[in-house]
Amino acid sequence: MCLLEEQAHPYIPNSPKNIRDDLLKEIGINSTDELYSDIPKELFNKKELKLPCAHSEYEVFKEVRNVLKKNKTVLDMPTFLGAGVWPHYVPAAVKAIISRGEFLTSYTPYQAEISQGMLQALFEYQSLMAELLEMPVVNASMYDWANALGEAALMAKRLTKKDVFLVPRIIHPERLSTLKTYAEPANIKVVQIEFNKDNGQLDLNDLESKLNEFRGNVAGVYIENPSYLGFLETHVDKISNMTHENEALFVVGVDPVSLGVIRPPGDYDADIVVGEGQPLGNPLNFGGPLLGIFATKDDMKFIRQIPGRLIGMTRSEDGKYRGFVMTLQTREQHIRRERATSNICSNEALCAVAAAIYLSLLGKRGIVELGKTILYNSHYAMKKLNDIDGVKAPYFNAPHFKEFLAMFHREGIGVEDIHKGLLSRGIHGGKIVKKEFPEFGESMLFCVTEIHTKRDIDMLALVIREIIEGGG
Amino acid sequence: MVKEFRQAKWSEPLIFEIGREGRIGHMVPTPSEEVREVVGEVEKLIPEVLRRKREPELPEVSEVEVVQHYTRLSQMNYGVDTGFYPLGSCTMKYNPRVNEELASMDEVAWIHPYQDESTVQGALELMYRLEKWLAEITGMHRFTLQPAAGAHGEYVGVQIIRAYHKYNGELGKRDEIIIPDSAHGTNPASAAMAGFKVIVVPSNEDGCVDIDALKAAVSERTAGLMLTNPNTLGIFEEKIGEIARIVHDAGGLLYYDGANLNAIVGKVRPGDMGFDIVHLNLHKTFSTPHGGGGPGAGPVGVTKELEKFLPVPLVEYDGEKYYLDWDRPYSIGKVKGFYGNFNVLVKAFAYILALGEKGLKTAAEISVLNTNYIVKKLGKVRGFELPYGKGKPRKHECVFSASPMKRDTKVKALDVAKRLLDFGIHAPTMYFPLIVHEALMIEPTETATKEQLDEFIEALSRISEEAYNNPEVVLSAPHNTSVTRLDEAMAARPKTLFLTWKMYLEKVGEK
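Line order of the protein sequences matches chains A and B. Residue numbers for the first sequence follow our numbering, so the first one is 625 and each next one is one higher. Residue numbers for the second sequence follow our numbering, so the first one is 923 and each next one is one higher.
Pulled out of the complex, with its shape left as it was, chain B reads as follows (with noise of 0.2 Å):
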């Protein structure tokens, strides 16, 4: 039965609206009477050109305060321990609490990236045994832990093609990406960013790459293609040995995005599809919590021709004990400073202990299962249609269309995904792929349940007869959410752009 959602309503002040004077959140050490005599003045230390004259107009808080204030806020926040969070492309899948647990263990929190490498055997023999374990799951040769996102794990994907034509002395002439037209945001981005030209190839009514576009595309221009296979639509790209030739042939590298692989984790591998570079999103497939936008981790995995460009260091064993290997002239750097998320890789680690073999693939069974039920019920649902692939299975997500409601009661995607939150459902990503017009684009992953799934079309039944018969009640929504439907062109205009406290205080002219 699909019930109505009461979210939490507080009237929560900020931070800087609460306390009094002269109260005190958390008390620091002092140093002892000895320390400050021996180092006397403690003003005198900083020359007066450096010292801060403005006391920083931080809250004055109690310790109550400020849990209470942030456990206020919390109840007006959404995850995957509340409810299901059918969010397309981002596998919102059940963060498990034993991951939680270890990683916060002092042996994870307490150590820090430089001591002697005697002294974290643990810390390296980890992340060693967990790149064995990406690079077998994903068919490549070996893995940089280093990326902390999936979008910086793209990044220096395209990063490792720049290296490979450069050693190659064809840098100056392979400047284009080709990237397909359903492809993530970050995909173009993260090309353009590493100075390629982006080249995008359409999609044909299959939903899958037009291979008459790509061959087309490709030229001795051509640096490499970035691809995801599952595609943003859920669709495999069947014709990926064709792809792979057409790219390798050209010259070019072929880049996997592995946002997608929930899907397909432990059955099918992209480097038996071809692929000479994967990026994977351990905050995804991996089940690492995504802390309302981070931190996730980003690995990125690549064939043996390409080991040389990944960046430094990687972690090696000499058959007694761990080690860094800062040694190797060819790598492309580095991204971020230290070694990566590892408080996160710990987690995923700790993922693929549990789930194992079978698991992984069980749970890319039921995902794709989950998925199939979806597709089978909401096809049903008047005021939704799936467009491309006509037959064809979905994989880890579908994308539907709600075009059909639009014309039919100008409820839009968008009005959709709000009233759905007035079930308690988060909503499914809106607007994306691009290439799908009011696109719901709906990933269960294998962690939701079948009353959940049931629940979900319950929702979607519901509100479709509620746009035919009583609009306004969609179009309106949400009501049972913290606030209503938020003026967002206010907040992007620039007299009213209020992105502090500050800001806000000294437009407004309040204080």
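Just chain A, with the same shape it has in the complex (with noise of 0.2 Å):
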């Protein structure tokens, strides 16, 4: 049911007709129109736009809940998709606090006074970022990891003033292909390092080659730990040092939740680290929002060039009170402009927020017992997959945190026939990554976390052997 025209709308307190004639007769003017007689009429819509008419509130929810409706959740089937989104659990405190209106309905907070409380939340959440990344500078914010790294790709060109930019070969499609949008522009030349074809590790020696290729001119080394494919990497010393003797800057991505249980970049001499920090309190959401994590190191050289908000703590011109701010904006674009270290203006700051909340509910004990947990479930799962005749998993001889490339081998069974079977009883399997990587033949990247339960991953192994057994 379309809503009549006349009709007040709730969300507009001065459509009603007597409210919008007094406004009009302060102003000394007959007719809304008169304030837009300044624009040529010929711009205006000359046919009713084709959107839908105006709704009841129920109808709107209706209309909505219909169409979502028509999804799956990863509630309602087993799920094991991963690949730079990963389910884990939002606990009901973060999502009751984000959805306070003080936080949720606030701009960015640059009238501080009126503010502190989303600026002592985002102060909070560098700390604790800081604490898991055993990074001294984090930013409130960036879009997402991808984003991130772009970024970083950008400020090691700043601080360097060099322009080639090594990455793995064994890296998120999307994350690379965002990395390349960012880079170009730039003048900064992405380059792929190989990997080693039995343990995924960086090819030590394609790297020393590439170092050797482009020396003089390397702006940055990134590596990703763990890696797009789950496996870690191990020689994190090793590279971090190659990296610094040819005077490039070592960048690291991580899976934040993976920080209780494994060693945190900052421990191996990064410059720069990004990652994503959705798992940290923040739902799928198709993929978005996701909160860009980017850190780096305490030196004013550097933070001078950190893209994005930071908040600097401080205290009231009177010396009374503790208070917070945004800091160090001379960097940004809304007093720097083109000369800005970046354009971000909105970012996550929500979603930071919610990390940060879900930081303190962990706290110390709960980071370690949540990585030891998906320890656990995903190396339950390697197990029960490669039990499998004709399933290899992990596919890398490696260490893995939560994600591992299972492959299938047997003759006539298609990953697509491994997907389609899962589907049909109610399980969603992994990323199909054939495409990306056809190197490792009919293969899916598994992601298991805190959220699986041994029934999910006994059903998981139990449906594959049953579609490797009856041929597809």
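Each hint should be verified, as a subset may be incorrect.
As the list claims (entries may be wrong) - Pair by pair, the computed Cβ-Cβ distance ranges are: (1) Asn1010/A to Glu1410/B: 36 to 46 Å; (2) Asn1391/B to Asn642/A: 31 to 41 Å; (3) Leu828/A to Glu963/B: 28 to 38 Å; (4) Ser1398/B to Asp646/A: 30 to 40 Å; (5) Pro634/A to Glu959/B: 25 to 35 Å; (6) Glu1063/A to Ile1133/B: 51 to 61 Å.
To be verified - In silico DMTMM-like cross-links for lysine to aspartate or glutamate, where the CA-CA straight-line distance does not exceed 25 Å: (7) Lys1334/B to Asp1249/B; (8) Lys686/A to Glu1058/B; (9) Lys1044/A to Glu1060/A; (10) Lys804/A to Glu962/A; (11) Lys1332/B to Glu1388/B; (12) Lys1417/B to Asp827/A; (13) Lys1059/A to Asp1041/A; (14) Lys694/A to Glu1023/B; (15) Lys1058/A to Asp1038/B; (16) Lys786/A to Asp822/A; (17) Lys641/A to Glu1023/B; (18) Lys671/A to Asp657/A; (19) Lys988/A to Glu985/B; (20) Lys1372/B to Asp657/A; (21) Lys1054/B to Glu1242/B; (22) Lys1283/B to Glu666/A; (23) Lys996/A to Glu1388/B; (24) Lys1417/B to Glu683/A; (25) Lys921/A to Glu977/B; (26) Lys1044/A to Asp1249/B; (27) Lys1088/B to Glu808/A; (28) Lys719/A to Asp1376/B; (29) Lys1243/B to Glu1058/B.
Since the hints were made in silico from the structure, they are not lab data. Computed from a prediction, not measured in an experiment: that's the story for all the values here. From the three backbone atoms N, C-alpha and C, an ideal C-beta is built for every residue, glycine too.
The task is to assemble the complex, starting from two chains supplied on their own in separate frames and drawing on the hints.
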């Protein structure tokens, strides 16, 4: 049912005719048309736009629900997808706090005195993330890991004045594509480094030869830990040293949820750390919003080049109160304009607050416990799948955290058969990576977290066994 | 009646200063005995060299303490839900609660972007329909929903300008983007990030683009022009037709910064003004909340000619099912992972559905009506003046100058802004656009009540009286907020730069 044109709208308090007339009278005009009299007549819409008519709240509620109910969720079917956004539980307390209107409906805290809540929460995010990463400086967020990586390459170039950025060949294709989008106009050349076929590890010989080939011109060397395909990069100290010997910056991408059990990048001398903070208290949301992590060293040369917002602790001018403000804003677009470190303005502040609440809830022991549960579950899944004749899991002979590649090598069974077979039995398998990495054959990237139960994993293995034994 | 405000003043410690050893705030699931047995010693799964040795110094707090802590912090924050928020260029309109409810459904929160398309038809349908609506509203051919924010959308737009000239073999030659001096700071920053030189054109006495200056600025090096219309003074660029001709004749493209669309949404379309590329801020015109600085969403629309350059993927419909189209060889590629801030898209979808065509138009008209009411009333208050475009109606916002007040009393725009906070009203945007001295940029939006507008004017009148009679109370404002004026210089000095709790402890030597 379309609402009537003359009806007042609940979102528009001055829409009733009597109030509108009051305002018009005070201004001294007869119609709002007079306020548009300066716009050339030919520009106004002549036809009615092909848009819906106005609806009551209940109708909106029903219509949007009806559309969305066509989705099947990860809660409806055990799902083993990760690859850049991962299913983790979001505690109710996180949701309750970030739904509070005082946070949700505020703008960037330009007026610090009336926005201390958001500023302190973001300062806590920076502080908590710094502990987890063992990096002294963390910004108040980027859009996501991919965008943070693009910005890291730009920052590496600004700092080193060099223009080659080395990245692993095993990298998320969307991350690589984003990096290239950012790198191209800045004249940064993105070069990929080969990997060891057996264990996936970065090929140190190839790294050395690329460092030699572009000697004196390498701005940064980037690795991911855990990698896109789930294995851990074990030669971090060696890569860090090789990078620094070549006067390049060491850039590391991380999944923060791994850092309760895995060595933090600050501990192996990363200069810039990027990553995806979504696992910390943010739902999947079909891939957005996410939370781009961006961290660097405590060195003014680096800090002055960091993109994005930074929150600093200070005092009131009379010295009475502790307080928080956005600081070092002269790096930013609203002041520095075309010479800013980045164009970023709106970021993912509320997702950062969610991460702060999440890390506070888990605390120093919870983040370790969570890491262990994920290790147990993912390794249980690897064992169960590897027990099946025709499956190799993990594909790489290396340590893994929560994701792993499985290869299906039974003749006549394609990875699509596995996917379809699982789906028809109410299970969603991992991401098919055959197109991205044909060299790994019929392979699928599985993700197992704390939300997967033994039963989910047993079912997954059982159904895959049935599919393979049944010939697809 | 203007009311004195009293914000919560909790002496709230940092989360690190709360709690006791041994407390936990959340229990994570633990694996069953059988899983443990099969896997064996979990420690051995991580090689020695990669094991975390030092525990992260995270707090040890109970769930109760966490909820109380962040609830108190929220009470020391101010949002549209708290009151009037006339922050210019930010379109701080009410964020309907039903949108939040819908966007938190499991069918939004718990769907993965790589799910089989057959299991996410609802999500794809919503994106497809939203794209169609946005295209219709702006007069564009296609939209990408991928950009996460307005500036991100600008970046995509400028990358498309780049791709277009590259496609035509003119990229080497066309390396300049023209931007008016009244533009948002993100415009020049986005252009520079995409590798362009920024050419600034001055505004004329009407606050609009100086046509002669524009004619002088365009050349065979012009890649494009970035413009917002209405501009940041809230004035409609009447000569947009001529501007478009000048830029197009020079071989450049016209980019529309959609930050100010709220004034004309549903009435006038950027596409009909001659723009080739448009970004929208769903967190402005389309009512999605700003979350204290994001997440937002900055979809980008383009003409038919430019469609091929849009980021991958786009949502298509084959008459039976919706699907993602990744096969777009001329695409600029990706600017972030996945498909955009989906959760935000859901809210914008619900908003358009609630308002409909007529409602969007009403929103535009009332936002403009509210602005001109402020213009009329505030124009009579001593110490404020409205520079540029004398007698011209304003659109979504108006920019007053506190220059007369500063000259007479030493009270600056900053002081006025801080004093407004004492009345429970968020300050306007200050010192922007740069072409107005002592600028106070006021955008009431259509969701303000007449009573709020009157209260706002009354507060400014009172501040004016104070400035002329008792300036100290204004100069030392705010008094009623959680904290009094903060020392920003201290926060930026390397010796007292505290970006984390640990940095503070190390520099100050406490602990």
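Each hint, compared with the structure:
no. : hint                               : verdict
1   : Asn1010/A to Glu1410/B: 36 to 46 Å : 58 Å, violated
2   : Asn1391/B to Asn642/A: 31 to 41 Å  : 37 Å, holds
3   : Leu828/A to Glu963/B: 28 to 38 Å   : 29 Å, holds
4   : Ser1398/B to Asp646/A: 30 to 40 Å  : 37 Å, holds
5   : Pro634/A to Glu959/B: 25 to 35 Å   : 59 Å, violated
6   : Glu1063/A to Ile1133/B: 51 to 61 Å : 59 Å, holds
7   : Lys1334/B to Asp1249/B             : 56 Å, violated
8   : Lys686/A to Glu1058/B              : 24 Å, holds
9   : Lys1044/A to Glu1060/A             : 19 Å, holds
10  : Lys804/A to Glu962/A               : 21 Å, holds
11  : Lys1332/B to Glu1388/B             : 12 Å, holds
12  : Lys1417/B to Asp827/A              : 42 Å, violated
13  : Lys1059/A to Asp1041/A             : 15 Å, holds
14  : Lys694/A to Glu1023/B              : 17 Å, holds
15  : Lys1058/A to Asp1038/B             : 15 Å, holds
16  : Lys786/A to Asp822/A               : 33 Å, violated
17  : Lys641/A to Glu1023/B              : 30 Å, violated
18  : Lys671/A to Asp657/A               : 17 Å, holds
19  : Lys988/A to Glu985/B               : 14 Å, holds
20  : Lys1372/B to Asp657/A              : 19 Å, holds
21  : Lys1054/B to Glu1242/B             : 17 Å, holds
22  : Lys1283/B to Glu666/A              : 17 Å, holds
23  : Lys996/A to Glu1388/B              : 62 Å, violated
24  : Lys1417/B to Glu683/A              : 58 Å, violated
25  : Lys921/A to Glu977/B               : 20 Å, holds
26  : Lys1044/A to Asp1249/B             : 23 Å, holds
27  : Lys1088/B to Glu808/A              : 12 Å, holds
28  : Lys719/A to Asp1376/B              : 36 Å, violated
29  : Lys1243/B to Glu1058/B             : 22 Å, holds
The structure is inconsistent with the numbered hints 1, 5, 7, 12, 16, 17, 23, 24, 28, although it conforms to all the rest.
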